[in-house]
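2 protein chains.
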Amino acid sequence: MKNSLNREIPDGLKPFQSSSDFRHQERRLIPEKSPVDQSLFYPSLEAAFLAMDIKPGMTLSFHHHLRSGDQVINQVGELISKYDIKGLTLAPSSIFPEYRLSDLIIRQNITQIVTSYLNGPVADTIAKGHLAGELIMQTHGGRARAIESGELAIDVAFLACPVVDKSGNGSGAYGKSACGTLGYACSDWRYAKKVILVSDTLVDKLDSYQLDHSHVDGVVMVDSIGDPAGIVAGTTKITRDPIGLKIAEDTATLLTELGVIRNGFSMQTGAGGTSLAVADAVKKVMLKNQVKGKFASGGITGYYVDMLNQGLFEHLYDVQCFDLEAVESYHKNKNHIGISASEYGNPFENKSAVDRLDFVILGATEIDLDFNVNVTTDAFGKIIGGSGGHADTAHGAKITIITSTLTKARIPIIREKVRTITTPGSDVDILVTERGIAINPLRTDLLEKLSHSRLKIMTIRELLDLTYAIAGKPKEIPSGKKRIGYLEYRDGSVIDSLYDSPLY
Amino acid sequence: MKNSLNREIPDGLKPFQSSSDFRHQERRLIPEKSPVDQSLFYPSLEAAFLAMDIKPGMTLSFHHHLRSGDQVINQVGELISKYDIKGLTLAPSSIFPEYRLSDLIIRQNITQIVTSYLNGPVADTIAKGHLAGELIMQTHGGRARAIESGELAIDVAFLACPVVDKSGNGSGAYGKSACGTLGYACSDWRYAKKVILVSDTLVDKLDSYQLDHSHVDGVVMVDSIGDPAGIVAGTTKITRDPIGLKIAEDTATLLTELGVIRNGFSMQTGAGGTSLAVADAVKKVMLKNQVKGKFASGGITGYYVDMLNQGLFEHLYDVQCFDLEAVESYHKNKNHIGISASEYGNPFENKSAVDRLDFVILGATEIDLDFNVNVTTDAFGKIIGGSGGHADTAHGAKITIITSTLTKARIPIIREKVRTITTPGSDVDILVTERGIAINPLRTDLLEKLSHSRLKIMTIRELLDLTYAIAGKPKEIPSGKKRIGYLEYRDGSVIDSLYDSPLY
Chain A
94 MKNSLNREIP DGLKPFQSSS DFRHQERRLI PEKSPVDQSL FYPSLEAAFL
144 AMDIKPGMTL SFHHHLRSGD QVINQVGELI SKYDIKGLTL APSSIFPEYR
194 LSDLIIRQNI TQIVTSYLNG PVADTIAKGH LAGELIMQTH GGRARAIESG
244 ELAIDVAFLA CPVVDKSGNG SGAYGKSACG TLGYACSDWR YAKKVILVSD
294 TLVDKLDSYQ LDHSHVDGVV MVDSIGDPAG IVAGTTKITR DPIGLKIAED
344 TATLLTELGV IRNGFSMQTG AGGTSLAVAD AVKKVMLKNQ VKGKFASGGI
394 TGYYVDMLNQ GLFEHLYDVQ CFDLEAVESY HKNKNHIGIS ASEYGNPFEN
444 KSAVDRLDFV ILGATEIDLD FNVNVTTDAF GKIIGGSGGH ADTAHGAKIT
494 IITSTLTKAR IPIIREKVRT ITTPGSDVDI LVTERGIAIN PLRTDLLEKL
544 SHSRLKIMTI RELLDLTYAI AGKPKEIPSG KKRIGYLEYR DGSVIDSLYD
594 SPLY
Chain B
94 MKNSLNREIP DGLKPFQSSS DFRHQERRLI PEKSPVDQSL FYPSLEAAFL
144 AMDIKPGMTL SFHHHLRSGD QVINQVGELI SKYDIKGLTL APSSIFPEYR
194 LSDLIIRQNI TQIVTSYLNG PVADTIAKGH LAGELIMQTH GGRARAIESG
244 ELAIDVAFLA CPVVDKSGNG SGAYGKSACG TLGYACSDWR YAKKVILVSD
294 TLVDKLDSYQ LDHSHVDGVV MVDSIGDPAG IVAGTTKITR DPIGLKIAED
344 TATLLTELGV IRNGFSMQTG AGGTSLAVAD AVKKVMLKNQ VKGKFASGGI
394 TGYYVDMLNQ GLFEHLYDVQ CFDLEAVESY HKNKNHIGIS ASEYGNPFEN
444 KSAVDRLDFV ILGATEIDLD FNVNVTTDAF GKIIGGSGGH ADTAHGAKIT
494 IITSTLTKAR IPIIREKVRT ITTPGSDVDI LVTERGIAIN PLRTDLLEKL
544 SHSRLKIMTI RELLDLTYAI AGKPKEIPSG KKRIGYLEYR DGSVIDSLYD
594 SPLY
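Going down the list, the protein sequences come from chains A and B. Sequential numbering of the first sequence, starting at 94, is according to the numbering used here. Sequential numbering of the second sequence, starting at 94, is according to the numbering used here.
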């Protein structure tokens with residue numbers, strides 16, 4: 094037998110016709126050994142919800158990477174309401190003002206909440222005493238530890254996932270609701286009894302993904318998992334407030350005097366205006382002294398992306414993207430590495446990001462004479478936040494610095510005793526204010542290094558007296574009387590209790 | 094009850110002691126829902142081999158990413174010999190001179206071989222007529238197609254994997270035997286009935302991997318999967334031969350006259366000295382005219398990595414890393430993307446890399462008056478290579494250029510008829526030699542564009558006559574008489590037969 098090129102070929106074989114002959118043929122695919130199970134895809138969130146057979150007493154979890162724009166927790170909330178399931182524990186990694194859970198709490202569909210951060214209507218509803226059970230507030234690292242240890246046993250995790258593929262792998266890197274790394278979802282994905290990915294973007298095959306299908310029990314495509322406008326708040330800007338800028342510059346001077354801005358160092362700051370001003374002041378020192386850092390970690394903003402791109406850091410370790418620049422960089426730059434909450438701050442994680450930090454810059458609602466910090470409640474006992482990574486980084490970092498003005502809205506931030514201890518004073522080293530800097534007396538090493546500082550080093554008691562002299566001594570507002578919950582430290586021990594607010 | 098910070102906490106809960114109290118505690122981990130099956134790990138390659146219950150008639154496959162340094166095919170070969178299993182089909186993606194399979198062929202342990210490229214002792218053993226069954230030579234893209242369609246049904250794939258994690262995910266990105274992308278292993282991994290990863294580097298958890306555990310049936314840790322010196326041949330250098338450089342410069346001039354070096358273009362060349370010289374000449378045009386290309390593809394060398402890093406290309410699509418610079422870049426640069434053989438050249442793959450190429454620069458052992466190209470056998474009928482991606486890229490690329498000197502070791506490369514057709518002339522557009530350039534008459538569009546070329550455009554017949562005038566007309570060496578196998582075109586049709594060499 095001869096083919097079209099006049100070559101002899103063995104009988105019984107298909108002769109070559111032309112190089113484009115395949116266009117007339119159908120692609121044939123044998124089953125893969127581990128076939129994609131199409132029954133993995135539920136036709137609706139309601140179908141998945143019903144298939145999970147959710148019963149009173151179960152624990153449902155969510156992550157907060159879509160932040161104010163998240164629709165998944167609200168959509169599941171509507172189903173809880175529709176089927177009127179009572180006595181559930183909700184364990185989202187954080188709760189934003191846009192999450193509509195208050196009615197579910199009041200009607201006792203939700204009777205216990207475990208989370209790391211909350212504010213807005215849900216916080217107020219709980220502070221008013223409406224939650225039948227308790228509010229348990231964890232750190233980001235503590236939440237990962239509680240999940241992996243079984244202390245926080247999750248029955249069903251509904252995980253918003255900006256893009257999924259047909260095999261059930263998921264990523265936050267792109268899709269119309271892209272949010273970047275899904276660091277806070279990793280423990281839920283790995284240890285929840287059942288995992289449902291909820292997405293609005295389906296592709297054939299993802300080349301890389303944070304959540305592989307091996308732990309996924311179902312996928313649901315919905316019209317929208319989130320409002321992009323709420324997912325990222327837009328690029329956070331460096332503060333223009335001259336007091337904030339002075340605090341930032343003094344902090345950079347302090348870090349320079351301590352000699353920590355050196356080759357191979359690592360740092361974390363928050364994403365607020367003063368935090369970014371500190372980062373900016375540190376950056377100027379780095380450029381001036383030609384210093385290259387090892388990594389920056391935490392929630393990442395475009396400001397750190399720029400520093401990575403300028404070669405000022407080798408890597409970013411990103412547990413949560415705060416803006417679109419961070420999402421884009423996470424998608425494209427191999428040195429911008431997504432990490433899980435466990436890799437970020439689990440006390441039992443070997444070489445967690447927080448344990449490798451040279452310094453961290455944090456905020457405070459209150460700080461007391463023992464350097465205990467409160468970022469959970471305000472002066473009136475309202476719940477306005479929570480640890481997030483505060484206690485994790487404060488413990489891990491070699492130097493923990495709180496930056497704050499002496500008063501906020503005329504309320505002193507230094508107190509004899511903080512209302513709520515989020516982070517123990519033993520892990521808080523320095524307070525930088527616009528009028529002076531206080532060093533935790535436990536850190537004799539730092540006091541010694543700063544003995545010839547050109548900055549104004551004072552005791553925290555002196556700073557408190559100065560505050561009283563300026564703003565007067567505030568009237569004590571008593572705690573509420575009804576205990577509504579408690580704060581778990583990162584190892585699961587209880588560091589403080591929460592009471593209803595006397596405001597209500 | 095009060096904790097160490099003198100805070101009231103609910104009874105029955107663990108009071109906070111100190112922030113470092115966790116150091117006295119044990120980490121607790123509940124089982125993951127899809128637990129890592131530790132029975133996945135075999136204690137030895139022999140144990141895995143025996144567990145696979147390999148019987149006569151079965152097909153075993155391997156990839157060739159460790160190239161000359163591969164030890165896995167040799168280690169499995171020793172087990173085939175030890176247990177004297179007869180009648181096996183071996184389907185490695187390529188066979189290098191260092192692969193010790195000749196005795197297994199002679200003793201009929203291996204009776205059929207399916208591969209895309211081979212040379213050295215195994216090729217000679219087959220050309221001498223020792224293979225009981227047939228040698229089937231495929232293209233890289235055709236191999237992927239044959240595997241996914243079930244035409245090449247693999248019973249057990251032994252896949253060398255430079256790093257694996259405890260869950261059974263594998264990557265070539267690092268480890269002591271790092272080889273970069275594992276593009277030629279992907280079809281085997283996905284479709285083989287059983288998949289064994291053989292590695293010499295174990296880590297707890299890989300953040301990204303090309304081969305996920307879902308298709309893996311077993312993992313074996315061995316002392317060494319390969320000799321690093323043989324894995325990468327060292328950086329390939331641009332030729333210094335003035336004839337090679339002239340061919341490269343003429344090729345770049347030709348491409349410029351054809352107007353294809355423009356923003357958004359894509360290209361592929363081989364990794365040989367003249368190919369890199371063409372790439373270098375193209376690069377100079379790009380720099381001069383400020384052109385940025387979309388991608389370069391194929392086997393990737395450090396030369397292309399530099400071009401990526403200089404911003405001359407948006408992406409590299411890499412099915413195989415040819416040197417350490419490529420391995421390093423694949424590991425670190427998100428724009429250096431590993432692709433499977435299917436994504437590279439499967440005729441049925443939508444938007445395969447080859448189908449998106451503007452031009453490809455290829456070599457030839459022989460090219461005939463119909464532009465058919467032979468890269469499989471030499472003038473004496475010895476098997477010296479095979480298609481690899483030759484026929485895939487020649488078909489996919491908009492312009493296919495063969496660069497060669499008119500004679501090699503005094504043997505003309507232009508023939509009336511090539512001994513073996515690897516790539517049909519319908520897919521070969523231009524031959525660039527040191528004495529002139531021939532355009533395939535089928536490409537009237539190219540002939541028209543080059544009608545005012547300042548290069549020496551001739552017919553291929555004229556180039557052949559010129560060769561005869563210089564080197565004389567070579568004596569015809571007849572084909573062997575015993576058919577030893579055949580060449581499958583990328584769609585599985587048979588494009589030519591292989592005969593034993595008259596040399597032996």
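Treat the hints with care, as some may be off.
Same chains, same names: a pair is fine if it fits in one copy or spans any two.
Listed next, the in silico DSS-like pairs over lysine-lysine satisfying Cα-Cα at most 27 Å (straight line) [unchecked claim]: (1) 269 - 148; (2) 259 - 444; (3) 95 - 568; (4) 387 - 427; (5) 444 - 425; (6) 491 - 568; (7) 259 - 427; (8) 475 - 95; (9) 95 - 221; (10) 339 - 542; (11) 387 - 425; (12) 107 - 574; (13) 259 - 286; (14) 444 - 269; (15) 259 - 574; (16) 298 - 427; (17) 385 - 427; (18) 381 - 175; (19) 425 - 298; (20) 221 - 501; (21) 475 - 107; (22) 269 - 387; (23) 95 - 575; (24) 475 - 501; (25) 501 - 95; (26) 179 - 510; (27) 568 - 175; (28) 491 - 377.
I should point out that these hints are in silico values taken from the structure, not numbers from a laboratory.
Comparing the hints with the structure gives:
no. : hint      : in the structure
1   : 269 - 148 : neither (33 Å within a copy, 51 Å between copies)
2   : 259 - 444 : between (34 Å within a copy, 18 Å between copies)
3   : 95 - 568  : between (102 Å within a copy, 26 Å between copies)
4   : 387 - 427 : both (15 Å within a copy, 19 Å between copies)
5   : 444 - 425 : both (25 Å within a copy, 21 Å between copies)
6   : 491 - 568 : neither (36 Å within a copy, 81 Å between copies)
7   : 259 - 427 : both (24 Å within a copy, 23 Å between copies)
8   : 475 - 95  : between (87 Å within a copy, 23 Å between copies)
9   : 95 - 221  : between (88 Å within a copy, 24 Å between copies)
10  : 339 - 542 : within (22 Å within a copy, 67 Å between copies)
11  : 387 - 425 : both (19 Å within a copy, 15 Å between copies)
12  : 107 - 574 : between (86 Å within a copy, 22 Å between copies)
13  : 259 - 286 : both (22 Å within a copy, 21 Å between copies)
14  : 444 - 269 : between (34 Å within a copy, 23 Å between copies)
15  : 259 - 574 : neither (53 Å within a copy, 51 Å between copies)
16  : 298 - 427 : both (20 Å within a copy, 17 Å between copies)
17  : 385 - 427 : both (18 Å within a copy, 22 Å between copies)
18  : 381 - 175 : neither (61 Å within a copy, 67 Å between copies)
19  : 425 - 298 : both (17 Å within a copy, 22 Å between copies)
20  : 221 - 501 : within (24 Å within a copy, 89 Å between copies)
21  : 475 - 107 : between (78 Å within a copy, 25 Å between copies)
22  : 269 - 387 : between (32 Å within a copy, 24 Å between copies)
23  : 95 - 575  : between (92 Å within a copy, 17 Å between copies)
24  : 475 - 501 : within (15 Å within a copy, 85 Å between copies)
25  : 501 - 95  : neither (90 Å within a copy, 30 Å between copies)
26  : 179 - 510 : neither (38 Å within a copy, 82 Å between copies)
27  : 568 - 175 : neither (46 Å within a copy, 88 Å between copies)
28  : 491 - 377 : within (22 Å within a copy, 51 Å between copies)
Comparing the model with each earlier hint shows violations of hints 1, 6, 15, 18, 25, 26, 27; every other hint is respected.
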